[in-house]
Amino acid sequence: YHYNVIDSRLQQHVEKGKEDGLYISCVASSLNLWAIVMDAGTGFTSQVYELSPIFLHKEWIMEQWEKNYYITSVAGACNGSALVVMSKGTPYTQQSYKVSDVFPFKWINKKWKEGFSVTSMTAAGSKWGIVMSRNAGYPTQVVELDFLYPSEGIHRRWEKGYRITAAAATEDQAAFILSASKRKSQDVMQET
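Okay, so the sequence shown: first residue is 1 according to the UniProt record's numbering, each after it adds one.
If you're looking for bench data, these hints aren't it; they were derived computationally from the structure. Possibly wrong hints are sitting among the right ones.
In the DSBU-like style, the derived pairs of lysine-lysine whose C-alpha atoms are separated by at most 30 Å in a straight line are [what the hints assert, rightly or not]:
id : residue 1 : residue 2
1  : Lys110    : Lys88
2  : Lys18     : Lys88
3  : Lys160    : Lys113
4  : Lys160    : Lys111
5  : Lys88     : Lys113
6  : Lys88     : Lys127
7  : Lys18     : Lys58
8  : Lys98     : Lys111
9  : Lys110    : Lys160
10 : Lys98     : Lys127
11 : Lys113    : Lys67
12 : Lys98     : Lys113
13 : Lys98     : Lys67
14 : Lys98     : Lys88
15 : Lys106    : Lys127
16 : Lys67     : Lys111
17 : Lys160    : Lys98
18 : Lys16     : Lys88
19 : Lys106    : Lys18
20 : Lys58     : Lys111
21 : Lys67     : Lys18
22 : Lys113    : Lys58
23 : Lys127    : Lys113
24 : Lys67     : Lys160
25 : Lys160    : Lys58
26 : Lys16     : Lys67
27 : Lys111    : Lys88
28 : Lys67     : Lys110
29 : Lys58     : Lys106
30 : Lys58     : Lys88
31 : Lys110    : Lys58
32 : Lys110    : Lys98
33 : Lys16     : Lys58
34 : Lys98     : Lys58
None of the values given here were measured: they were computed from a predicted structure.
Construct the entire structure; sequences and hints are all you get.
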């Protein structure tokens, strides 16, 4: 993994990982710096990414969808820019995403009814970016959203077998997606 990466050094870190047979599995941002996790166990077969001053750059994402890439990780920075990673070799069959100034509960609920699951989530400034995918392997999901860390709600969900699968925060709200999996997982413990 790499952390505290400035925009201009991102490409060299990713290229070095690719040379070693690694793919990006997770990205995050803090104070306009990037953290990148790369590993060999993703199952991905090809990958592209874009660092853009446009938060979740629609034209680029749509171009990649046309080439059968799916969003596998997103991160937003304080300055409004975003790092979007798209991969081949995912189980996903369709994706949709939304950028919103408020957390898009209604849109998420609508997409859940259409068979989508939240698979990535980020924020940049006060904007939320939510990615939902079909065939993600989560039969049910719930959202915990709070102005503070929603500890009680998360613990209640854990007791019912849900696990955190996505998280993001603006300056004044934190959102957590918790999912129940079809597959029995060996990794059943989560802590705060």
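(request) Could you check the structure against the hints above and give me the numbers of any it violates, in ascending order? (result) Those not satisfied are hints 19, 24, 25.
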